[in-house]
Each structure stands twice: as C-alpha cells, then as structure tokens.
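Make the full structure from the sequences, and use the hints.
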Amino acid sequence: MDFELPGEDHPKRQEIRAWFEANPHPSGLALAQAGFAVPHWPRPWGLEADAELQLIIDQEMKRAGVHVPRNPVAINNCAQSLLTHGTEAQRQHFLWPALSGEHTWCMLFSEPSGGSDLGNLRTVARLDGDHYVIKGHKIWTSLAHKAKVGVLVARTDPDQPKHKGLSEFLVDMDTPGIRVRPIIDMSAHENEYNEVFLEDVRIPADRLLGKEGEGWALCTTQLQTERVALSRPGAIWGHGPSARELVEGLAEIRALADGAIRDEAAQIFVEGEILRLLACRALSDRMNAKAPGPEGAIHKMLAAPHGQRVVDLAKRSQGARGMIAGEKPFPSQLAGDDPYDDWDYAFWFSQAVTLGVGTQEVLKNVVAERMLGLPRELDPTARLPWAEARRKQA
Amino acid sequence: MNFALSEDHLMLRQSARTFLEKEISLARVLVPGATVADADYEANWSKIAAMGWPGLVIDEAYDGLGLSCIDLAMILGEMARTLAPSPFLGTLFGAWAVQKGGSEAQKKALLPAVAAGSTKLALAVADASGAVDPPSHEATARKRGQSWGLTGAKSFVIDAAAADWLVVAAQEEGGNRAFFLLEANQPGVQVDLLPWRDVTRQVADVRLKDAVGERLAADDATLWPWLRDRVLFALATESAAGTQRVMEMTVDYAKERMAFGRPIGSYQAIKHSLADMLGQVECSNAATLYAAWALSENHARGSLAAAMAKAYTSDAYMAVSQRSIQIFGAIGFTWEMVNHLYFKRARANAELFGSARAQRARVIDMVERKAA
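Here the protein sequences line up with chains S and A, keeping their order.
Here the first sequence stands for residues 1 to 394, where the numbers follow the working numbering.
Here the second sequence stands for residues 1 to 372, where the numbers follow the working numbering.
Simulated from the structure, these hints should not be mistaken for lab results.
Cβ coordinates follow ideal geometry from the N, Cα and C atoms, glycine included.
Misleading hints may appear alongside valid ones.
Said to hold, decoys possible - Stretch-level coverage of chain S by chain A, calculated; a stretch enters the list once three of its residues show a Cβ under 8 Å from a Cβ in chain A:
| id | region |
| --- | --- |
| 1 | 262-268 |
| 2 | 295-309 |
| 3 | 359-368 |
What the hints assert, rightly or not - Now the in silico label distances, taken between C-beta atoms and shown as ranges:
| id | chain 1 | residue 1 | chain 2 | residue 2 | range |
| --- | --- | --- | --- | --- | --- |
| 4 | S | GLU361 | A | ALA116 | 50 to 58 Å |
| 5 | A | MET1 | S | ARG391 | 40 to 48 Å |
| 6 | A | ASP365 | S | ASP9 | 30 to 38 Å |
| 7 | S | LYS12 | A | GLU60 | 32 to 40 Å |
Here you go:
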C-alpha cells in the first residue's frame, strides 16, 4: 500500500508537461488528437492510459490552465459506447467532433412520467422503411439547448417487458420535429436543463446504436459516470469548490473564530479528505485491473450530500448577506472557468446533486442491493409486457 | 502509488481472523451482569502471546517482529472485530513509549520480555477529567539520586491492572513533562479497576505515592506527539474494524428477520440505514489505512491523518452501533446479545485520548497553521 501520488520527476509526467509546454494554447481538436480528451480509451482516440497516467494528465492540464472541451455527455458518459456497440461509420462520423468539442452532446433519457423509474419511459421509435419515427417528451436534459447530438433512449417494442423493449439512437438535434424548451431552475442562472419535445422526428435507421432491445444495457452503463468520480473533489458532481477551499475561505473571513462553525468546518474538511482517499482507491482498483462496480454509486451517495454541506456552510457564513444575489462569500477566491466555481451559483444549484444521475434514495437502494446483497425493491411491472403494465396502471 | 492493500496484508488479516474466530469466545461476558473479570483476560493473553503479537511493532533488535503500522492495523482490527478482551492495547501503548522514548538500557531491559509475552505494560496519561492534552497536573516527579519519586493520580489507564510496568506521564519540578517507567508491583502504586461499562476492556485508576521510577530518556516534545499519533491511530483502527463487524452482523440479521411476510432488509427504512452504514465503514477504513500508511512512512501528514481518523471513526462507530441496536429491535438491547458490547466499546473509544470534537479542533488547528 502506498498513498504517494506520482511525483514531479515521474517520467510520464515530464513527457505530458513537455507536450503542454510545446502546445500552450491547444485547440479542442489538437487536445483530442493527442489523446487527452479520453486518455483511458484505446488509440487513436485515447492513450490506453492507466489510472495513474489519467491522474497525471488531469494534474498537468490543470497546471497548464488547459481544459478538455466541456462535452461531458460525450466524454464521460456516452461516446465510449460507440467503441463497443457502434458501427465503423458511426465512429468516423461522431467521435472526433465529440472529443474535440465541436459537437456538444446531450442525453435524452428522463421523461416527465417518472424520473427514477427510467425503464418505464414512453417515448416510442417506430421503424418506417429506412427511417425511425420518434414521438415523445424528454425532460431534465442537460445542454440540449447547445447540443448538436442527442443520445436518445426510446421504446421500440411495447410488447416486451419495460427494460427489454428499449433501444438507443444518435439523433441530430436540428432534425425537424425537435423542440427544446429551457427549464429555469431555482438558481435563476442560465439554464442547465431543458425539456425536449419530439414530434414525428424522422431519423435514418443507421442511427440506431447497437441492436434493437439493447437500450437499457447501454444507458445503465452510460450512467455510471465512472471517470468523473475518479479524481475530482468539487462540491457539484466533482466540479466547483471543495472542502479545502471552504476552510481557506472561512479562515480568510475569520469565520473560524466561531466555535460552532469551526467544528462544522473541521467535520466537512475531514469528510472531504476521506472522499479524496476513496476516489484514489477507486483509481487503484482500476490500476489493479479490478472492474468498476457499484462503488461508483457509493461514492456519489457520499459525495453529493458532502458537496451540499460544503456550499451550505459557505452560504451560512455570510449571514443575511448570503441572500443577496451574486454575493461572494470569500472575496479573494477567484472563480475559474467552470460555472460551478461560483460559490453562490454552486449553493443554489446544489439541491440538484442529490437528484440528478440517480436520486439519493435510488442510490441507497443500489448500494444496499448490489453491495450488501439486501432484497431488491419489488417492481410489479418489471416482467409484464410494457403495454399491458401501462394499461393496468391507467 | 497503490492505495490497495497488498496480498501479504490481506493474508495477515485473514490468518488473524481465522485464529481469533477459533480461539476467542465472548460467552462468559454475555451472561447478564458479567464484568471484566469474566472476560478471560489472562487466557486470551496467553493465546495472543503465543502468536507473537505482543512483539508486532517492537524492533527486531529487541526480539520483536519490527512490523509497520499497516501490519499492525491488520491484526489490531481483527482483535477489535471480535472485541477479544486482553491486555494487548495497554501493552502496545507502553511498548511504543519505551521504544521511542527509552534509553538503550531501558529498551534492552524491557522490550524483549514484552515481545515474548512475559511482561505487560500500560500507559498512564489522562487525569481524572480524561484530559490528556494539555498535560496533567495531577502527577509529579521528584528526582531522588539516580531514580525518581512519583506522586499523584492518573485515570482511564487501559490494562493497568494487568500490567507489570507502567509508563506514566508526570511533571518534573520546574514544570517539564516527561514519561516515567514504574514497576507496578511496589508499595507506592495502587491500581483500582474502574466499573467500566465497556466490559471487554480493563480500565483503571492509578494512584502513586512516592512510587519509585526512572525517567524515559526522550523529552516529552519528542515522545508525546509521536506517541499520541499512534495511540489515536490504534483507537481509530479498532473503531473502524468494530464498525464494519457491526454493519455485517446487522446486514445478516436484516436478511433473515421477517416482518409482515418480508425480510426487514427489504424495507427502505432499514435498507437505507444499512447503505449509510456501509458509507461510514468505507470512510472509516479509508481514514485509518491512510493514517497507518502515513505513520509507517513517518509522513508529514501523519498527525493530521491520525487525528482525522480518530475524529471520523469515533462518530461513525457510535452511530453505527446505535443503529444496529435499533435494527435488531428490542432483542438488540439485551445483555445476552453482543450489540451492547460494540456500542460500549464505540463510546469508550470515542472518549479516550480526546473526543471526535477535540480531534477536529486539532485538525483545523493543523490546517490553519499550514495555511498561515
């Protein structure tokens, strides 16, 4: 066991650092072609990087002030499915623009009829000649208002049980019949989420990802946002301020002189340090070739409420001033490029972190069932043909 | 960089588990009204000594095994899992003190016998309030030629009644604090067992009246911070392992116990509680293993890591052992079940050598100092 992170003199680090010194302002495409968008992928897209090299690349990019293009749905969640389930034509068409950030992606998964019960979704895709015709309504779609490509899960066979009749598609977001409506959340910030209406949207049949009926397996894999959890300690899904920055900020405004705040800050700090250790352990497990499992769920189960505590204490340390829009708690902390680096926005947005990508309650079920072997939740609709289950519920 | 335990460590832990599961029984303590006198202290110690465990962290030069804090965590954790009552912890604390603070002659005189299991030790630091830091004012040491005379009181001394030698923190004339080595069996030393609720552990008051001792060579400033880090780490290791054991037995029970035609573990009120427990177990283990590594490497973050581990595991063990009783239901509140033994160990470990809150105060002090 060795908790020492790869040092300054690590040969891989020097190699990566040299690249960034030679390319101080790389374009998205240059980053992608160098393999830095998805270092853990096989070549030519990635570098077949192990967890240690991924960590080095993350650190060196941060040091160089360079960011991978903000295209999380492609880079963290969905694009990898094309490697194993996509056709060669799909890979050639979609991957470079996704990895370079030219095409923003979104995930057309959740629906108004039920968030956590994703398998019950109602959007249908019907084969009509060499096209699928899609009809339905999606919600909570991050980045749909900016996206060029939507990864859609829709029902292709209503007579199968709910998880079996689903398929996944790669949809051009400018296809006629798609309408995107922004959802303004409680932060009043530029919208993160959208509703997406799909009215008889015709897409070529070769936009099916994998085979018909594989949609559930694909989207559950894509929702294990494994890589995000690996190394980032920020309060909002790994982004934004961390507990260390909270303590620095509270020291700066002399809030730590208050005994109650001091103890709470210490408690949050200790939690934050432990979560860093757990993230490192997940990294080691990858290096030791242990397959990713449900630990991703436990990490999120712990990290999401921790993040809420980080931004909540920062907000409370401001007293009544915290209710003034845009008021900064810690004057000298500069906001970075990430929107969540803004403490005020991160606080109002933080209610979402125990809702999105699995609510806290659903994650606890996953942890209890898959890690502790407790009995699974009953779903009387799981084995019925979906159409029949729906008639019974109506 | 490798945050996972090595095969060797996993094997060491497994061998300790196999041995303890076979050899340790809590049956006599689970008879209502049992006290520490029923905890098979001496018999367990003979078995543990035969395994060579008293010499785990003693250098090979003094006939010990010279193992690291990570190795120790494997075995100490297993003892805490079974609550194995024995004078192991007191002897460990004393051995650390002598090894770090003793002169060559003191180490030669004592450590080989400790490693062999024939001499037991205890470390007396706290005063009657339980405070260990700042140093106690309740014991003083006066120089008498080559030796020292100690007078005063110490409290919450783990395994004092079993110990052959005591390592006692006291103030010299002039106010310097130092550690002194005393033979327990002498007229000036009186050891009184406390009616300690954690009945799988022996805890005593020690009263000294002109007791004859010798000073450990090292200064307090060298010895105490080093020793405190290890004591906190050891208590955290015990708590983390106990937390995991309690979670496991509670999960097993929730799978078997039926109510309204279903196992109680199928209800979310129980299931979510158990998921939270697993979160606390994972965090406790991560914090203690990090402390084990940092102390093994004499890393600059060792003190911080030990304080964080003690802070986190204290709260987690109390919370998990309390929830466990609730999930077992009324049976979990009876003496004949083991639940209360873990609940009591959790609370005792949390309080000894500084509570979670006291450790958090140290953590934030360290973070502030580093930032300044």
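Confirm or reject the claim that MET1/A and ARG391/S have a C-beta distance inside 40 to 48 Å. At roughly 56 Å between Cβ atoms, ARG391/S and MET1/A fall outside 40 to 48 Å, so the hint is violated.
Given a hint of 30 to 38 Å, does the C-beta separation of ASP365/A and ASP9/S actually sit inside it? holds, 33 Å
Return holds or violated for the Cβ distance of GLU361/S and ALA116/A against the range 50 to 58 Å. Holds: the Cβ-Cβ distance is about 56 Å, inside 50 to 58 Å.
Would you say the region 295-309 of chain S counts as covered by chain A, given the rule of at least 3 residues with C-beta under 8 Å? holds (count 3)
Between the region 359-368 of chain S and chain A, see if three or more residues pass the 8 Å beta-carbon test, and mark the coverage as holds or violated. Since 6 is at least three, the answer is holds.
Between LYS12/S and GLU60/A, does the beta-carbon spacing fit 32 to 40 Å? The hinted range 32 to 40 Å holds for LYS12/S and GLU60/A, with Cβ atoms some 37 Å apart.
Can the region 262-268 of chain S be counted as covered by chain A under the rule of three residues or more with Cβ-Cβ separation shorter than 8 Å? This one holds; 5 residues, not fewer than the three required, reach chain A with a Cβ under 8 Å.
Against the hints set out earlier in the document, a violation occurs for number 5 only.
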